[in-house]
Amino acid sequence: MASKKVLLLGAGFVVLPTLHVLNDAGIAVTVACRTLASAQSISKGVQHATPISLDVTDENALDAEVGKHDLVISLIPYTFHATVIKSAIRQKKHVVTTSYVSPAMMELDQQAKDAGITVMNEIGLDPGIDHLYAVKTIEEVHKAGGKILTFLSYCGGLPAPEASDNPLGYKFSWSSRGVLLALRNAAKYWKDGKVVDVASKDLMGTAKPYFIYPGFAFVAYPNRDSTPYKERYNIPEAQTIIRGTLRYQGFPEFIRVLVEIGFLEDAEQDALKQPITWKEATQKILGTSSSNQSDLESAIVSKATFDSPEEKSRILSGLRWIGLFSDEKITPRGNPLDTLCATLEKKMQYEEGERDLVMLQHKFEIENKDGSREIRTSTLCEYGDPKGYSAMAKLVGIPCGVAVKQVLDGTISERGILAPMNSKINDPLMKELKEKYGISLKEKTVL
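In my numbering, the protein residues as written are 113 to 559.
Please note that a few of the clues may not be correct.
PhoX-like mimics (lysine-lysine), calculated; alpha carbons at most 25 Å apart, straight line [what the hints assert, rightly or not]: (1) Lys-306 x Lys-320; (2) Lys-342 x Lys-300; (3) Lys-117 x Lys-156; (4) Lys-475 x Lys-536; (5) Lys-116 x Lys-204.
Hints were generated in silico from the structure; no laboratory data involved.
Starting from the given sequences, assemble the full structure and let the hints guide the process.
Okay, structure coming up:
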């Protein structure tokens with residue numbers, strides 16, 4: 113594979129593990145970012161990496177670069193993937209992304225097949241590793257004549273317990289905007305044979321304690337729309353299908369209050385375009401007549417819901433910690449959400465020496481051929497290395513790199529817009545991830 117050339121688009125935190133997987137295989141990688149400086153800093157010290165500056169919205173420049181390579185990896189925001197895939201179709205080159213297949217990408221399936229190219233998607237952590245081990249158990253159960261009655265899958269990227277030392281029990285290793293926006297999503301899932309819809313404003317209220325290991329105080333809430341997985345995972349018999357997010361206890365109640373008092377709104381507010389103090393910003397967002405702390409707190413108490421006096425006191429104390437009632441100047445971003453993000457990113461970064469944690473668990477309720485029932489789990493608990501990759505970067509970036517190698521060497525040979533949804537694609541990926549990189553889920557029968 114030493115003669116193969118890959119174009120890698122992106123500068124995010126998962127780029128490095130992907131780059132190192134390819135570099136170790138002797139694959140030449142052109143690292144392309146909007147700014148040359150970003151590409152240079154990523155490529156520094158990587159033997160087979162060449163940094164360039166590239167604007168993917170410039171169709172001619174994109175086509176010219178894609179044309180020089182065998183495969184393009186798109187680790188830029190998902191809204192650009194269709195643009196990249198169209199260029200790859202014109203140039204007849206393969207593509208790998210770690211993102212969900214969007215309708216705009218799926219529309220290109222026939223064109224990708226006609227061009228004879230593989231567009232491999234959803235091969236990071238979630239989506240990615242989660243699919244590999246969901247499909248594995250489902251196919252095993254079906255092969256033995258059994259049925260999947262319930263499928264639950266929860267994943268969380270969190271600070272390690274000893275680093276969860278702020279009121280939200282959360283830290284940002286990348287843009288906080290995406291994390292906070294996800295908390296405004298509506299959700300949909302199958303429960304006992306019926307579809308349940310959760311409005312975005314109610315999402316945090318649905319969070320429930322979720323037991324994985326006694327040492328972790330997790331809560332879980334549903335993540336977007338789980339209903340297509342009946343078809344995607346080929347489990348029409350399943351009565352309950354929920355894919356969701358894990359956080360530490362206390363997080364959902366805190367976020368629910370931020371939603372109720374208007375801090376996750378992204379509608380423009382002129383007052384937030386100036387570097388006013390936080391207490392003035394909070395006064396404007398709440399619509400109160402005074403910026404006095406006790407008046408602001410009273411306004412919050414009247415607008416928000418608290419489950420107990422202890423919770424009210426904990427959350428108000430957390431809002432004080434963020435600085436919402438302080439004389440500190442805001443970083444003006446023009447709307448409540450982005451202005452809050454600017455402050456959270458400063459206050460909730462990983463400190464030197466701190467680790468992150470990734471927890472992923474599938475839980476299957478199975479009815480065997482003989483009518484007996486059992487519960488199986490597949491669990492991944494991975495800590496980051498403060499001197500190396502974070503757990504999240506490793507678990508998104510390495511599967512992506514492995515998929516690139518397998519597309520290039522023909523192991524993954526299906527054409528069109530793909531995701532890891534069958535054992536033909538998945539088994540070689542699982543094998544290499546486990547044997548070469550030590551990445552696998554622990555499978556257990558618990559009942």
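### Query
Looking back at the hints listed earlier, which ones does the structure fail to meet?
none
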